[in-house]
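**Q** Next come the chains, spelled out residue by residue.
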Amino acid sequence: ETGVTQTPRHLVMGMTNKKSLKCEQHLGHNAMYWYKQSAKKPLELMFVYNFKEQTENNSVPSRFSPECPNSSHLFLHLHTLQPEDSALYLCASSQLTSGGAKTQYFGPGTRLLVL
Amino acid sequence: GIQVEQSPPDLILQEGANSTLRCNFSDSVNNLQWFHQNPWGQLINLFYIPSGTKQNGRLSATTVATERYSLLYISSSQTTDSGVYFCAVGESNYKLTFGKGTLLTVNP
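Going line by line, the protein sequences match chains A and B. If you read the first sequence in this note's numbering, its first letter stands for residue 1, the second for the next number, and so on. If you read the second sequence in this note's numbering, its first letter stands for residue 1, the second for the next number, and so on.
Where hints are given, some of them may not hold.
Below 20 Å or equal to it, Euclidean Cα-Cα: the simulated EDC-like pairs (lysine to aspartate or glutamate) are [unchecked claim]: (1) B:K100 to A:E67; (2) A:K102 to A:E24; (3) B:K100 to A:D85; (4) B:K95 to A:E44; (5) B:K54 to B:D81; (6) A:K40 to B:D10; (7) B:K100 to B:D81; (8) A:K41 to B:D10; (9) A:K102 to B:D27; (10) A:K102 to A:E1; (11) A:K18 to A:D85; (12) A:K36 to B:E5.
Cβ-Cβ distance ranges computed for the label pairs, FRET-style [claimed, not checked]: (13) A:T16 to B:D10: 38 to 44 Å; (14) B:S26 to A:T103: 19 to 25 Å; (15) B:I12 to A:S98: 42 to 48 Å; (16) B:D10 to A:E56: 19 to 25 Å; (17) B:N107 to A:S62: 45 to 51 Å; (18) A:T16 to B:S75: 33 to 39 Å; (19) A:T80 to B:P9: 33 to 39 Å; (20) B:S26 to A:K22: 21 to 27 Å; (21) A:S62 to B:N18: 32 to 38 Å; (22) B:P39 to A:T97: 29 to 35 Å; (23) B:I2 to A:R63: 24 to 30 Å.
Please keep in mind that the hints were generated in silico from the structure rather than gathered at the bench. Note that the Cβ used here is the ideal one computed from N, Cα and C, for glycine as well.
This is chain B alone, in the form it adopts within the complex (with noise of 0.2 Å):
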């Protein structure tokens, strides 16, 4: 099946810094989704992106699907930006495959 890395596994910021969050996928998707899972475990859909790029707020990404990667861009982080962020790619009309996440913490 097809295989979904995410990078960096961790990452610690300063309120108020920016970061890059990256998901690289092993074939061709029909479907990219990014999530925010919250403390409580709450899946929050950020961006559906195939292909293209997207802004939401502080929150953009971009997904090159020849190049088989997403980038996941949050400026001026805050402290509730701190949660699990996830990439699932979809090779067929609805399977979702998940990465393994980027844990993000934010501290004031």
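Only chain A is shown next, with the shape it has when bound in the complex (with noise of 0.2 Å):
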């Protein structure tokens, strides 16, 4: 238990559908992160969040949506995804200071199947 929770944790969708992955962590951190983790390559970040406002976009495709209504939720909304979307997709939140970024600490990942 990393304080970090994702729901769901696996989802099949077809490529018309639109749906919502939601991410909450229970550690009062102030940033929060989304990454996409796809077979045989390294974690690629997608989103961070820094008190609510997002900081960056790592040049995702715009069928991603994202949004932190609080310092502590983050979804990422899905429409019109595509077959090499399926991932696992990982939320992580750590706590930024004047002294810079510390530990991140992840949530479970939602593995994502789109047929």
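Could you use the hints to bring the two separately framed chains together as a complex?
**A** Shown next, in the form of structure tokens:
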């Protein structure tokens, strides 16, 4: 248990569906992240939210839409995905200070399959 | 951007053996972390170690920032140590770049 939860843990969706991934952190952190982990590839940073403001969008296609309503919750809205978007989607959080970011804590991930 | 290389890519050990995993990075960093990913995908952070040496039970890590590498030592390995070990480095306050990982298999 890392203090970061993600739902659902598994998701199968068609290319025309709309779904959302949810992440919640119980650590009092002020920064949250979405990562994508595809088979045989390193983890790729998708989005970063710092104090609810998006500070990083790593050239992610618009079919992925993040939302951060408060510093404890992060969503990833999915629509018209492609089969190559099938991957493990990981959420993380950390505490940013004037001295920089420290340890990132990860949720268990959502394993997504797009048919 | 910064490059992160981990070696070896795969490692198979017998229970009780020791091992050393290496992480090389291409530029100065202010954040370096080691993670273990279990077979179910959960990433557990092992060490936050931008420089120096730390130990936690059978695991220890050393980062030589001036020479741009970090080492993770696993002693008396157990089957539960199996999984993928990732090194991740950060140049900015929050952005981490991950290596491709070392897949460790510990056989009983």
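**Q** Taking the hints in turn, state whether each one holds.
**A** The hints, checked one at a time:
The hinted pair formed by K100 (chain B) and E67 (chain A) fails the criterion: a straight-line CA distance of about 28 Å is larger than 20 Å. For the hint pairing K102 (chain A) with E24 (chain A), the CA-to-CA distance comes to about 19 Å; that is within 20 Å, so the pair holds. For the hint pairing K100 (chain B) with D85 (chain A), the CA-to-CA distance comes to about 19 Å; that is within 20 Å, so the pair holds. Restraint check: the Cα-Cα separation between K95 (chain B) and E44 (chain A) comes to about 10 Å, which is no more than 20 Å; the hinted pair holds.
Restraint check for K54 (chain B) and D81 (chain B): satisfied, since their Cα atoms lie roughly 18 Å apart, inside the 20 Å limit. Simply put, K40 (chain A) and D10 (chain B) have alpha-carbon atoms about 13 Å apart, close enough for the 20 Å limit, and the pair holds. The suggested pairing of K100 (chain B) with D81 (chain B) holds, with an alpha-carbon distance near 18 Å, which does not exceed 20 Å. A threshold of 20 Å between alpha carbons decides the hint, and for K41 (chain A) with D10 (chain B) the separation of about 15 Å falls inside it, so the pair holds.
Taken as a hint, the K102 (chain A) and D27 (chain B) pair is honoured in the structure, with Cα atoms around 19 Å apart against an allowance of 20 Å. Restraint check for K102 (chain A) and E1 (chain A): satisfied, since their Cα atoms lie roughly 19 Å apart, inside the 20 Å limit. The straight-line distance between the Cα atoms of K18 (chain A) and D85 (chain A) is roughly 14 Å, inside the 20 Å bound, and the hint therefore holds. For the proposed pair K36 (chain A) and E5 (chain B), the alpha carbon gap of about 19 Å is at most 20 Å, so the pair holds.
Between T16 (chain A) and D10 (chain B) the Cβ separation comes to about 39 Å, which falls inside the hinted range of 38 to 44 Å. Checked against the hint of 19 to 25 Å, the C-beta distance between S26 (chain B) and T103 (chain A) comes to roughly 22 Å, which is consistent with it. Taking 42 to 48 Å as the suggested C-beta distance range, the pair I12 (chain B) and S98 (chain A) conforms, at roughly 44 Å. Between D10 (chain B) and E56 (chain A) the CB atoms are about 32 Å apart, so this pair departs from the stated range of 19 to 25 Å.
The beta-carbon spacing between N107 (chain B) and S62 (chain A), approximately 46 Å, falls within the hinted interval of 45 to 51 Å. Separation of T16 (chain A) from S75 (chain B) is about 52 Å and departs from the stated range, judged on CB atoms against 33 to 39 Å. For T80 (chain A) and P9 (chain B), the hinted distance range of 33 to 39 Å is satisfied, since their beta carbons lie about 35 Å from each other. Against the hinted window of 21 to 27 Å, the Cβ-Cβ separation of S26 (chain B) and K22 (chain A) comes to about 36 Å, which falls outside the hint.
Checked against the given bound of 32 to 38 Å, the beta carbons of S62 (chain A) and N18 (chain B), roughly 48 Å apart, lie outside it. Evaluation of the 29 to 35 Å hint for P39 (chain B) and T97 (chain A) yields a pass: the beta carbon distance comes to about 34 Å. Distance hint check for I2 (chain B) and R63 (chain A): the Cβ-Cβ separation is about 28 Å, which falls inside the suggested range of 24 to 30 Å.
Figure legend: structure checked against the earlier numbered hints; hints not met, in rising order: 1, 16, 18, 20, 21.
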